[in-house]
Structures are given as C-alpha cells and as structure tokens.
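Q: Listed here are the chains, written in short residue letters.
6 protein chains.
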Amino acid sequence: MNHDVKGLSALEPGSRADGFFLVKSVETKTASNGKNYIDFLLSDKSGDIMGKLWESTPDDEKGFAGNSIVKVRGVVNKWKDSVQLKIEKIRNITGEDGVNVEDFVRSAPYEGEQMYNVMLGYISKIKSEDIKRIVAHIAESKKERLLYYPAAKSNHHAIRAGLLYHVTTMLASAELLLGIYDFLDPDILYAGIILHDISKLDEMDANELGIVSDYTVEGKLLGHIIQAIKELELAGAALGTSKEVLLVLQHMILSHHYEADFGSPKKPLIPEAEMLHHLDMIDARMYDFKNALSDVSAGDFSQRVWSLENRAVYKPSL
Amino acid sequence: MNHDVKGLSALEPGSRADGFFLVKSVETKTASNGKNYIDFLLSDKSGDIMGKLWESTPDDEKGFAGNSIVKVRGVVNKWKDSVQLKIEKIRNITGEDGVNVEDFVRSAPYEGEQMYNVMLGYISKIKSEDIKRIVAHIAESKKERLLYYPAAKSNHHAIRAGLLYHVTTMLASAELLLGIYDFLDPDILYAGIILHDISKLDEMDANELGIVSDYTVEGKLLGHIIQAIKELELAGAALGTSKEVLLVLQHMILSHHYEADFGSPKKPLIPEAEMLHHLDMIDARMYDFKNALSDVSAGDFSQRVWSLENRAVYKPSL
Amino acid sequence: MNHDVKGLSALEPGSRADGFFLVKSVETKTASNGKNYIDFLLSDKSGDIMGKLWESTPDDEKGFAGNSIVKVRGVVNKWKDSVQLKIEKIRNITGEDGVNVEDFVRSAPYEGEQMYNVMLGYISKIKSEDIKRIVAHIAESKKERLLYYPAAKSNHHAIRAGLLYHVTTMLASAELLLGIYDFLDPDILYAGIILHDISKLDEMDANELGIVSDYTVEGKLLGHIIQAIKELELAGAALGTSKEVLLVLQHMILSHHYEADFGSPKKPLIPEAEMLHHLDMIDARMYDFKNALSDVSAGDFSQRVWSLENRAVYKPSL
Amino acid sequence: MNHDVKGLSALEPGSRADGFFLVKSVETKTASNGKNYIDFLLSDKSGDIMGKLWESTPDDEKGFAGNSIVKVRGVVNKWKDSVQLKIEKIRNITGEDGVNVEDFVRSAPYEGEQMYNVMLGYISKIKSEDIKRIVAHIAESKKERLLYYPAAKSNHHAIRAGLLYHVTTMLASAELLLGIYDFLDPDILYAGIILHDISKLDEMDANELGIVSDYTVEGKLLGHIIQAIKELELAGAALGTSKEVLLVLQHMILSHHYEADFGSPKKPLIPEAEMLHHLDMIDARMYDFKNALSDVSAGDFSQRVWSLENRAVYKPSL
Amino acid sequence: MNHDVKGLSALEPGSRADGFFLVKSVETKTASNGKNYIDFLLSDKSGDIMGKLWESTPDDEKGFAGNSIVKVRGVVNKWKDSVQLKIEKIRNITGEDGVNVEDFVRSAPYEGEQMYNVMLGYISKIKSEDIKRIVAHIAESKKERLLYYPAAKSNHHAIRAGLLYHVTTMLASAELLLGIYDFLDPDILYAGIILHDISKLDEMDANELGIVSDYTVEGKLLGHIIQAIKELELAGAALGTSKEVLLVLQHMILSHHYEADFGSPKKPLIPEAEMLHHLDMIDARMYDFKNALSDVSAGDFSQRVWSLENRAVYKPSL
Amino acid sequence: MNHDVKGLSALEPGSRADGFFLVKSVETKTASNGKNYIDFLLSDKSGDIMGKLWESTPDDEKGFAGNSIVKVRGVVNKWKDSVQLKIEKIRNITGEDGVNVEDFVRSAPYEGEQMYNVMLGYISKIKSEDIKRIVAHIAESKKERLLYYPAAKSNHHAIRAGLLYHVTTMLASAELLLGIYDFLDPDILYAGIILHDISKLDEMDANELGIVSDYTVEGKLLGHIIQAIKELELAGAALGTSKEVLLVLQHMILSHHYEADFGSPKKPLIPEAEMLHHLDMIDARMYDFKNALSDVSAGDFSQRVWSLENRAVYKPSL
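Residue numbers (my numbering), protein chains in the order written: chain A, 30 to 347; chain B, 30 to 347; chain C, 30 to 347; chain D, 30 to 347; chain E, 30 to 347; chain F, 30 to 347.
Extracted from the complex, chain A is given alone in its bound form (with noise of 0.2 Å):
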C-alpha cells in the first residue's frame, strides 16, 4: 500500500494508490459522455481526495455508502487545477480486512475524555462558586458530543475532538498569560474560553466521527453565539447564578468574535473579554499555519488557504 506512506495528500499525479480509505460522500452522476459514473470524496489521516469510478453500473451506484471504509487500488491523475483518482478497484471491507474506522479519521493529538478532564482541572481552579457551577452543569450537560465535536465544519479545528482541542489549548495559553496580565480575573476567563464556542455542538450536526454534515436549521436562523446566550440564560436561571455572572459570561461570549461582521454585535468591554479573542485567533491561526505548511518545504509557499483570509504561506529555509 504505496500510498500508507505518505497519506493521501502526499499523492501525486501518475502515481498509484491501493489501500483503504474512508468515504466521506458517495455521489452517482453522468459524464459528458451520457454515461454514470462515481464521485468517491476519500480520505484518510492526511487529507481527502475525490475518487472517480467510470462507467459504473447499478451494482455499484447501490452499493456503496458515506462514513464507511473501502479498499480502492487506482491511478491519480490531474483535473483542472487538483488531483483525483482514477478509481481502477473499489470494494466496501469485510471483518477479514481488520480496520477500524477511527484510524481514517483526522483527530486531535489527546483523547476526547483526556482532554475532558484537562477542562475540569481548569473548572476546579474557578475561584467563583457561582461561576464554576454554572460552567461546571453546562460542560457536564455537553460532555456526551464535547467528546468528539470538531470545531468546524471546514475551517481551522475541523478534526475529531477539535473543539475541546481548540479550548484546552487556550486555557493552557491563558494560564501562562495571566502570569503577565495579573491584573485580569482568571475565573472570568477561563469560564469565557469554555463556552466561547461551546454552542457550536448545536450549531452544527455532526456525527462520531467529527464530521460536520451541515448546519442546523437553529444554527442558521441565530448561529452559535446566540445560542449558547440562550443557553446561559436558562443554565442560570435554573441555578440561580447572580446577574451580573450571567451578564459578564454573556457579554465575553457576545463579543468574541470582535467584528459585527463576524458575528459580534458588542467589541469587548472588558479585559478578560479582549483578551479572550486573541486567544481565539492565536489558536485558530497557529492551527491553520501548522496544516498548511505540514507538507511543504522550506523556502516554498502551501496552497491559498481559505481561513487564512486567502493566503499561501511560506515556510523559511533558515
């Protein structure tokens, strides 16, 4: 399995590829030919590829599905601007093949219930008994989807497990910096870092294996930041947490994101606040920058990158 090597992204037009994979869609359409055909979008660990089987037949239109494993052997080839397989042999696994589904699936680094515990390690150091109750029921509530949510559907985080990933890498950032800012309140922002994003488990559908199907309709009329408002308002009514807990958590929320354009009606008003999106940013940012130059050589550029606002970023040859 030539391609075990180096992954999938790593594939490059001419060469072979035979092995297993995860099929993330399955798509039957007609070429220009007047002819059926297969899209395939494959991936493993290191990224996806789109696979064509030509000329497919009804056996083969009925017999596959999305989120399961095939063994595929074909040849890569160019289309326009990115690669794709020419899928020579496709067939789903059986018990014999002895894979797992979970090793074709990008993850974060730590284990979902590791990284769990790592956030209640941060929930106990809350000095606040009406903060830490409140961000202690709402994680305890989420936990089940915390294990494996991604924290996007396409842009930085989009793995396994990425959102706790995502949050535990900022407390971890945030408790070496209140070492400098020292005047900041830590239960204010490690309570913010938890739930900043803590609604996007009901913004978006997302299934065990932290891929995003689409947006829930809830997701679309209000988006994240709203909800996980609402979702505040009635965790706090239900504990009694005091007013200006619940406003101050709401506001750090409210605002995370800075811009109205991308979602926050209120820029930060206070510092745990501002501090909370560029802790957001950095983590976001350094995420995007590490994947996109992963597989690029010193002194090269990776492709454009969406969710680095469109750019290709260089990796010094020092």
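Hints may be right or wrong, so weigh each one.
If chains are identical, the list can't say which one is meant, so a pair holds when it fits in one copy or spans any two.
To be verified - In silico DSS-like pairs for lysine-lysine, Cα to Cα no more than 30 Å straight-line: (1) Lys272 - Lys249; (2) Lys296 - Lys171; (3) Lys182 - Lys272; (4) Lys115 - Lys91; (5) Lys154 - Lys115; (6) Lys58 - Lys74; (7) Lys118 - Lys58; (8) Lys64 - Lys171; (9) Lys161 - Lys319; (10) Lys115 - Lys74; (11) Lys91 - Lys118.
None of these hints come from the bench; they were simulated from the model.
Take the given structure of chain A and dock chains B, C, D, E and F to it, following the hints.
A: Structure of chains B, C, D, E and F alone, referenced to chain A:
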C-alpha cells in the same frame, strides 16, 4: 408669554422669552472670566434650548433640579452656530402657577393606555395559541413601563410613550400590507412587531416623563436585541412554548436591524422578518422626516438630522 | 407528459421528462471527446433546465432557434451541483401540436392591459394638473412595451409584464400607507412609483415574451435612472411642466436606489422619495422570498438567491 | 500698512494689521460675559482671518455688510488653534480711499475674457460639426457667468473665474497628452473637458466676486453632474444632435468623478472618459498642492488640507 | 496560414488554424473518459488560445516544452464561454521552418536598447548631481533585464520590454506636463518615474521572452515597492547620497500606488509624488483601454478586463 | 498638598490643588473679553490637567517654559465636558524645593537599564548566529534612546521607557507561548519582537522625559515600518547577514500591523509573523484596558478611549 405661540423651537436671535419650561438638566460651570454660571437645558413640547444664567450665586447653584418646571424670562442670542437663552430671571414654580409637568414633555399623540389596548387587539388576532400566549405574557409583564417609555434616547420616537406609538403604527401598516402580500403569516409578523424593540425597556433607563438618562449596564454589554432574545428564552421555558415558535420569534428579533454593523448578526431568512425590517425603517424614517420638516417653509431645507444619516431634508414648494 | 404535473423546476435526477418546452437559447459546442453537442436552455412556467443533445448532427445544429417551442423527451441527471436534461428526442412543434408560445413564459398574474388600466386609475387620482399631465404623457408613450416588459433580466419580476406588476403592486401599497403617513403628498408618491423604473424599457432589450436579451448601449453607458431623468427633461420641456415639479420628480427617480453604490448619487431628501425607496424594496424582496420558498417544504431552506444577497431562506414549520 | 507685504495669511500672533480688507461675512453674537460682539470674516488675496469687534454698539451692528470693503486696525492673537484679529478700529471705505473690490478677491491668473477665448479656440479645433455645435451652444449660453464663477465653494479653484481657469488648464494638458495617446478622439476629450463641470454654474449661487453663498435647491436635489446631463439633453433636442454624440458626451460627464461615492454612477467606459477623470484630478490636486505649499518653508509641512484628503503636505529642502 | 491575417485573437468557433505558434505552457491531463490529453497554451503576437490534443500518446506527452515554437493545424471550437483549438496535427519546428521565437512574443513597439537610451536622455536632464548619480547607478546596474522585462505578469504592459515602454512613455508625458505645472521639480519627477517600478525586476521571475513564470519569494514577502526602497538605501549608502534626496525618492516610490490597499502605506505628500501616481495610472489605463478596444467594432463593447476593474469598455460609433 | 493623595487624574470640580507639577506645554492666548491668559498643560504621574492663568501679565507670559516644574495653587472647575484648573498662584521651582523632574513623568514600572538587560538575555537565547548578530548590533546602536523612549505619542505605552517595557513584556509572553506552539522558531519570534517597533526611535522626536514633541520628517514621509526595513538593510549589508534571514526579519516588521490600512502592505506569511502581530495587539490592548480601568469603580464604565477604538470599557462588580 410670547414664546407660547410658536414654542421654543421657533425662537430666533434677538427675540425674548417669558414663560414656563421644563428643566431637563442643570449644571454649574466656570466661564472664561473665571466666574460661575449655570447651564439649564430647558424644553417645552416644541423642542430644547440651552439657557445661561451668568454670574450665578451659590443660592442659584443649589436652587434648581432636573425634571422640574421653572419660570424664566430672558433674551435669545447666538453662540457659534446655535441659539441660546440669556436668562434674566428664573424661579421654581409654585402651586399657584397651576402648571403640570406632563404638559412640557413631547409625547405620543395617543394616550399610553389607549395604544396599549390597540396592541392587545392585535395580540387577540394571533391564531397560534403558542405565539399568542408568549406575546401576551411579555406584553403584560412590561405594561407599566410601556405606557411611558420612549423608543430612543435621541433618535426617532424619543418622546413619551414613543415606543408604543412606534409599535402600534407598525401594526397598523402591517395589517394593511398583509392584504397585499398575503403569503405572509400574520401571527409571526404581529408578534415580531410587538417584540422587536421590547427590551429597549431594559436597555435604557427612562423616567416617567419618557426622558432617557442613560443606557443600562446590560444595555451596553449586550444591547436590546440580545436582551429580548434572553427575555423570550425564559418566557418560552416558563410557558412551554414550542421550539420552532421560539426560534422563529428570536430570529425575527435578531435580524430586524438587517445589517451586522447595526446589530443584527443574521439577515432576515423568513419573509416576515424581511417585512418587519422595512416596516421598522418606514416608521422611523417617516417620523424623522415629519419632525424635521415640521417648521420648515416650502422651498427650504431642514437642519441636518443625525438619524437621517445627516441629511438636510427638503420641503417642496408644490 | 409527466413533467406537466409539477413543471421543470421539480424535476430530480433520475426522473424523465416528455413534453413541450420553450427554447430560451440554443448553442452548439464541442465536448471533451471532441464531438459536437447542443446546449438548449429549456423552460416552462415553473423554471429553466439545461438540455444536452449529445453527438449532434449538422442538421440538428441548424434546426433549432431561440424563443421557439420544441417537443422533447429525455432523462434528468446531475452535473456538478445542478441538474440537466439528457435529450433523447427533440423536434420543433407543428401547427397540429396546438401549443402557444405565451403559455411557456412566466408572466405576471394579471393581464398587461388590466394592470395598465389600474395604473391609469392612479394617474387620474393625481390632483396636480402639472404632475398628472407629465405622468400620463410618459405612461401613454410607453404603453406598448409596458404591456409585456419584465422588470429585470434575472432579478425580481423577471417575468412577462413584470414591470407593470411591480408598479401596480407598489401603487396599491402606497395608497394604503398614505392612510397612515398622511403628511405625504399622494401626487408625488404615485408619480414617483409610476416613473421610477420606466426607463428600464430603454435600458434593456426585451422581446414580446418578456425575455431580456441584453442591456442596450445607452443602458450600459448611462443606466435607467439617468435615462428616466432625460426622458422627464424632454417631456417637461414639451409640456411646459413647472421647474419645481420636474425637479421633485427627477429627484424621486435619482434617489430611489438609495445608495450611491446602487446607482443613486443623492439620498432621498423628501419624505415621498424615502417612502418610494422602501416600497420598492418591499415589493422586490417579497417577490423574491415568495418565489424562493414556492417549492420549499416546511422546515427546509431554499437555494441561495443572488438577488436576496445570496441568502438561503427558510420556511418555518409552524 | 504692514500687512500688505505678506498679506493676511502671513499674520502671526502678536503682529499688528492696518489696512483694507474685504468683508466676506458679518454676524453679531453674544459673548460668554453676556455682551455683544461682531464676527467679521475678513479677507484679502492671500487668505482669510476672523476679526472680532468686542463690545459692539448697536450702530456697529447695523453699520457693516458682506462683500464690502472696510478699513481695519487691530492686533493678531490666538484662539484655540487658529489666529484671529482683535479689531481696534473699523470703518467702511469712502470714495476717497480709492480701493476697488476686485483687488481683494483671489482670482485666476488670467482674465475671464481671455480664458473664454482660449476655450473658444479649442472648440474651433473640434472636427465633428455635431459635437462642435452643441459645445459652442452651451459655452455661449453660459458665457456671462463663466467669466467670474469659481469651481467650488471651498475646495480647489474656489477663486474668481476659477472654473474657466480649471477648464483651460485641462484643455492645454489634454492637447499635449493627445500627442502621446494618439488613439484618443480629440473631439470627445475637448468637449468632455469643457462640459464636465459646466453645471456648477447652476449647482451653486455665486456673486460676481466669485464667492459662493450656497448650493441651489436643484444643486442639492440633483447635483451638477445630473444637471449637466439635463442641459445637454435639452440642447441636443434643440440642435438635433445625433443620439450617439449626445450619449457619449453625457457618459463623459456622468463618469468623470469615477467613484459612485463621489457622484458617478458609471465608471468611464471609453478611454476619453478615463483620461478626462485623470486630467481633472491632476489639475485639482496640483492647484491644491501649490496653494498649500505657497507659504511653507523648505523642510516644513503645510496645515492639513481637507481637499487633499486631509493631508499635511511637505516641501522638500533640496 | 489563414490565422496569420488577423492572428490568434481573431479566431472564432468554426474557423481553422494552420501555422506556427509559441508554446507558453504544456501540461498532460486526464479527460472525463479516463484518457489523457495535452493542454497547450499557444500564442502569437495577437494573443493566446488554449489548444487541446485529445487522446495523447506517451510520445506526445514527452515531446513538447514551454517557450518553444510548434507548427499546429486544428479547428476552433467553443468550450463554456471561451474558444479553444482542437489540435489535429502538431510538431516541433526544425531549422528549415526558418522561424524565430521573438517574432511570436508581444513586445513593446520600440527596441529595448532604443528605449533605454531615451531613459538615459532624461537622466542627463536631471540637474541635481546627487539625484542624477543614484538614478544612473541603478539604471545601469539593471540594464540587462530592463531590455526585456515586462511590467506585469498579466496586467498592463505584460509584454516584452513592457517596463521600459511604460517608463519612457511616462517620462514623455511628464516632460509635457512640467510645462503646465511648472512649480514641480523635474529632477524629482523624472527620478521617481524611472525608479517607481524598478524592482519589478526583482519581484517577478521573467525569461528573455518577457514572460513571467512567477513572483519571487522576496516579491511575495515584501513586494516591489519595499524592494525598491531597500535598493535605494544600499545605493545611497554606497554613493553617499544626501539623506533628504534619499528620503524624497523613497517617498516617491512608497506612495505611488496611492491607496494602502494597493500597497502604499503613505499617500503622496509632495506634489511630484501626486503627479507620479496620476501619470502611472494614465499610462496603465490608456494601455489597457487601447488593448481592450483593439479588435472591437464601433458601437460594440469589449470583453470584461480585469485590470480595468472588470469593466467591459465601449468603442463609440462616431 | 492635597492633590498628592490621588494625583491630578482624581481631581473633581470644586476641589483644590496645591503642589508641584510638570509643565508639558505653555501657551499665551487671548480670551473672549480681549485679555490675555496662559494655558499650562500640567501633569503628574497620574495624568494631565489644563491649567488657566487668567489676565496674565507680560512677565507671566515670558516666565514659564515646557518640561520644567512649577509650584501651583488653584481650584478645579468645569469647562464643557472636561475639568480644568483655575490657577491662583504659580512659580518656578528653586533648588530649595528639592523636587526632581523624573518624579513627575509617567514611566515604565522597571528601570530602562534593567529592561535593556532583560532584552539582551533574550538576544543571547537566539541560536542562529546570523540573527543574533544583527539583532544585537541594532539593539546596541539604539541603546541610549531605548532607555527612555516611549512607544507612542499618545496611544498605548506613551510613557517614559514605554517602548522597552512593551518589548520586554512581549518577549516574556512569547517565551511562554513557544511552549505551547512549539513548531514556531524562537529565533525569528524573539528577533521580530525586538525589532518590530525599533524605528519608532526615528519616527518620533522625544526628549529624555519620554515625551514626544512631534513626528520626524522621515517618520511622516516613510513611517517606522519602512524605516526599520531600511535600518535592517544597512545593518545586514554591514554584517553580511544572509539574504533569507534579512528577508524573513524584514517581512516580520513589514507585516506586523496586519492590515494595509494600518501600514502593513503584506499580511503575515510565516507563523512567527502572525504570532508577533497578536502578541503586539495583546500587549497594547491590555495596557490600555488596565490604564482605562485604573480609577474606575466596580460596576462603572471608563471614559471613551481613542486607542481602544473609542470604547468606554467596564469594570465588573464581581
């Protein structure tokens, strides 16, 4: 009292004023010759004027308070680009003067109670029990302040009971246009109109004269759109409102300013939300145009009006 | 003819079509296997579909023309993100088919002549002889094309007689809202509505089916707002219209797009111009929302709609 | 008269002035000690200064008028960030003073009549009879005001006969650049230059001193670009100008501000329109730069100049 | 060779081509029927066309290289909205064909050497020894590449020796306008024109045909404006140029794009910098207009031109 | 000296001041009663106040200078929306007063020398000899001014030695975050932080009190970003720094303002440049928040802060 004929807003440099005014604010300052004077913001139903009591005594400085009525005599002169009143005589009213504070406040053309009942009439037209119940619940719980709250600190409908006046005018327009755009759902549109600005009651502090002193802390950190969504969330939980009704009403509120820069993170995604936005704009703009042109002669332009995007508007001589 | 039941817009991949269609455009191209094929843009009242006749013969390539009716049989399949029709059989209609080209064109719900008379009714309500005369003069001189012109090439009211439908609906709304905002001058508002888009007749070339082929040279170099101002200037000179009437009507037209970026160098400076803008927006937006949601199920979203600022809009499940 | 050497614009705090000035405007106001004073906007050819006559008498207040000449003695002092003249003595001139109002007005460096003839020379170079006729017709009908009108109220070429100076300088530049970009049509370019700002004569009210008092009603409701298009429409109808000539000239005018936000709904679509825009910019900007740097020493910066996008510009010390 | 008469850019669907072309790029791809084909970007002096060699053999795939000349026979057809050439026969040229690569490249209308001498002539007119020395130094050190470098990858003056053509045309315009705006310093203006784009030589990689392959790493990380400032800094240090000269020339370069969004962090603060910007714009725009309209008939519009802000421009029928 | 307890910034209308202050600027002006007075901008470590000496004598007007210490007695009053000090007595200090100018200047919390050594410590951690050498070279050559320069004229860190304070705080944050984002190159990040604002030393003129009088000519024509790139270019040439090192460091500087509108023509293209930008933002914003909230009570808002995009920020009452 020669100012009575046309009111404060008609006073020109050189004319004299002699009559009763509302003191909106009062402040002692020091002039460039080092002596104290008092700035009175005086108003009657026609508008405001800045009054100056030069070389004030300590008695003067302690003797006057905001939101009271004074008797004033003075002469109007010009300071930079605005007119002001040089106060010659000023005293607080006594019972014998027989004047009433409410006569000095610009108010909606209908009584609060009367407009409240018009609004109840529209609530009773809502067919969905779920929608009717939550709208009625909120309307009732806010009744007391609705009777006198303005719709703004200084923009459109910044008059006593201006908020109810704005809402009931929009309801009347909506009812008419529903006859033309009959695919719209009246329930959603009526509910949206009644609720869209309801949390201005919590965003601003206003007294019973309908004069706003300031924005509230919550108003500054969240804003009335987010506050209304919270209000609905709690009311919906208390009443067991269906998720879809709650979502649609919250979306109506969230999107009614249309532009992210004006506080709406989502644009209208249902036609009733689109219509709500335009009815809101029409009512605000018609109010401001009418107001701006009220004392302009045919063939002339008004002053620049901030809430009309700083336009100086025109009265045709037709 | 199974397509008849729901019309073209309801066809899904795998279904078959067999019936009569309007050919909106026809073009011979070369496929990636080097062979010729013909692209037909087919339509019925429900919408459009791209039809492909593969491996076309020279006879095919000469045999068909735009704005004619054809009988077609074929199967629907998917190409990228859109559906298209693989044509199996196609022929021009004959007299025996008994079909009429106008039945294949999306049209306003009322006859052109009927709407024209409604418009005349509003002109007769104008009290100012000066205004009435110039509006009537222009309406009369444009009558022939008004009966079938659409209001746009591809946006709102891009249907046969769409322009008159747009204008008469706005007139009806205006009449109702004049009852609420009674300080507005009905003469100016009615005249402004009737004239605001009148030069779309000269900005675009459309045939009697109400289909726009292109913008005119003058349309591209000046645009319908400037063209209408010129039209009024000449009509005013011919009729001896008063300078103020002419100026006010030209300002109504000039400012009705509101934003400089959308073609209005001046913002509305009279209240009737402000109202005209909002009535125009409401009618355009309501048309687009209704259209977008016409075949959407409750709880679902439409496709993205360009003229709704690319929103995918929602039909509540209430 | 020590101010004569350098003129008003060179006066610094502490220096004295004694001489004749033009009164641009005069206004009685009330000071913060409650006494009246008079604000005179005084000017000579070098610039303006605000003069203050403290503790004015009723005779003073009735004795002076705008656009007249006064003899003034006083001392220059500083008020906030600007200088002003404390008037010690002021009187109206008499015949014996032997001064002439035009000597006090900043004017173009050439006589109006002379520049008008230069412009006629360019008109005579136009080969197309159609274009020549309409340009000559309009130039002739506007001759009287062209001889003294400025090009602006306060921006570039806000001097007596500034409009003709602007146009004739642009014509000279155009003639030179036509030698380099020889695919341009001189007829269109000359006509466009002569007509582009012609309706500033109707957009602004100016007196024979070339001082603008205000914008006209038509100027505010339509603006000089639209006014010029109307002017051409009527002239074209009267002269039987060809449709294409009229269209091209109207497009030249419509697009010459280039940006929608600056009043041009269409960008230049013919090369002569593109060139017109740049020649206009160059002449305006060179005027403003020259003006701003006229009394700046090498190595220093000017004041901020509004019409140079608020830049403070620099005179190199080379 | 029927294409010779009008050149590639005049080929229309259905016409045949038979002749010599430059291969700008060549790439093997896989069609939707799974077979390989070769994309040739072919060009002659009139423009480019995409050539397709269907069902290519491995010999074909190895047999052709960029920047070489081939003999091609084929037929033009339409693919989406563009034309392409279906190649029937293609071979590399031999010595016997007697064709020269430079005849196939769009070039400036003058020889590089000739334009370089024109530029030297302007340098010799510079009176300041300090300015003349540094300009001459840089011009000399860059001479070799100046003789063939284009001014852009795909915008204005993207032709062989286009950079020198751009500079020398601007110098000629500058000389003329200095006669009108005679307060400008010719030394600074000539130097600024010569240096403003000089580091495009280092921003882009171009071969001797004047074809740009890509931007350099330094070009992407800094851009030609910053690179030129560095170039001057080193040259100034080597030559002992005065600080003020260096500063003024660096400011000329820094500000010549005028807008921050186009790469100029400072706007022009000296009049020569303002003039440089406009001369640059005029020359770029006139080039693009002339180019866009070169094969457009009177009364027609060009294709949309990206570097003209996507305008489709018009050729009047006068 | 009752002002000592809380400092100038705590003075409220009506309170008295009696003590020593730094004169930041002094200027004689003329009041509206025609008499002279002197404006003193007085400051201590807590902030500034405008002091007015009414009816000043010529002796007063010659007797005081900026950047000196005076003894002042007076009373605080209100003028428009700000407070000012009416000076009753003022004199220059004598040796006997025993006060030191540096005690009156807001300074960084650490000594310049101490922070400089911290910075040297980070330079010593740089592993690349090439990078270390150029950073050390520049740091050394700038040492004298670094010890007292502020980071701005009026924004964040506009205090004595503010620039070094800003840089060393960022270095400390960087060191911590490098532990989390360990794919970043510490050499590049440390070097970028040390150099990013280094040319503020040449962009602004500041005295040893850390008070900026103005921007330099070079600062206005080029700006500190471009100045730093030049500085590096010369240092790199002198030291023989590798091209790639120089390029990467110059890109760090060029992109650190992130937005073109804020002076960065290129966005960060390497992750260290992205991180530099966010560390810079965090440190500036935390400084401004801390400063703005320093004398705000819990539950209150600060004044609007220009460098916080005009926000009035909030201190929670938790």
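Q: Against this structure, judge whether each hint is valid.
A: Consistency of the hints with the structure:
no., hint, verdict
1, Lys272 - Lys249, "both (28 Å within a copy, 15 Å between copies)"
2, Lys296 - Lys171, "both (27 Å within a copy, 29 Å between copies)"
3, Lys182 - Lys272, "between (34 Å within a copy, 25 Å between copies)"
4, Lys115 - Lys91, "both (19 Å within a copy, 21 Å between copies)"
5, Lys154 - Lys115, "neither (54 Å within a copy, 51 Å between copies)"
6, Lys58 - Lys74, "both (27 Å within a copy, 27 Å between copies)"
7, Lys118 - Lys58, "both (18 Å within a copy, 21 Å between copies)"
8, Lys64 - Lys171, "neither (47 Å within a copy, 51 Å between copies)"
9, Lys161 - Lys319, "between (33 Å within a copy, 25 Å between copies)"
10, Lys115 - Lys74, "within (20 Å within a copy, 38 Å between copies)"
11, Lys91 - Lys118, "both (16 Å within a copy, 28 Å between copies)"
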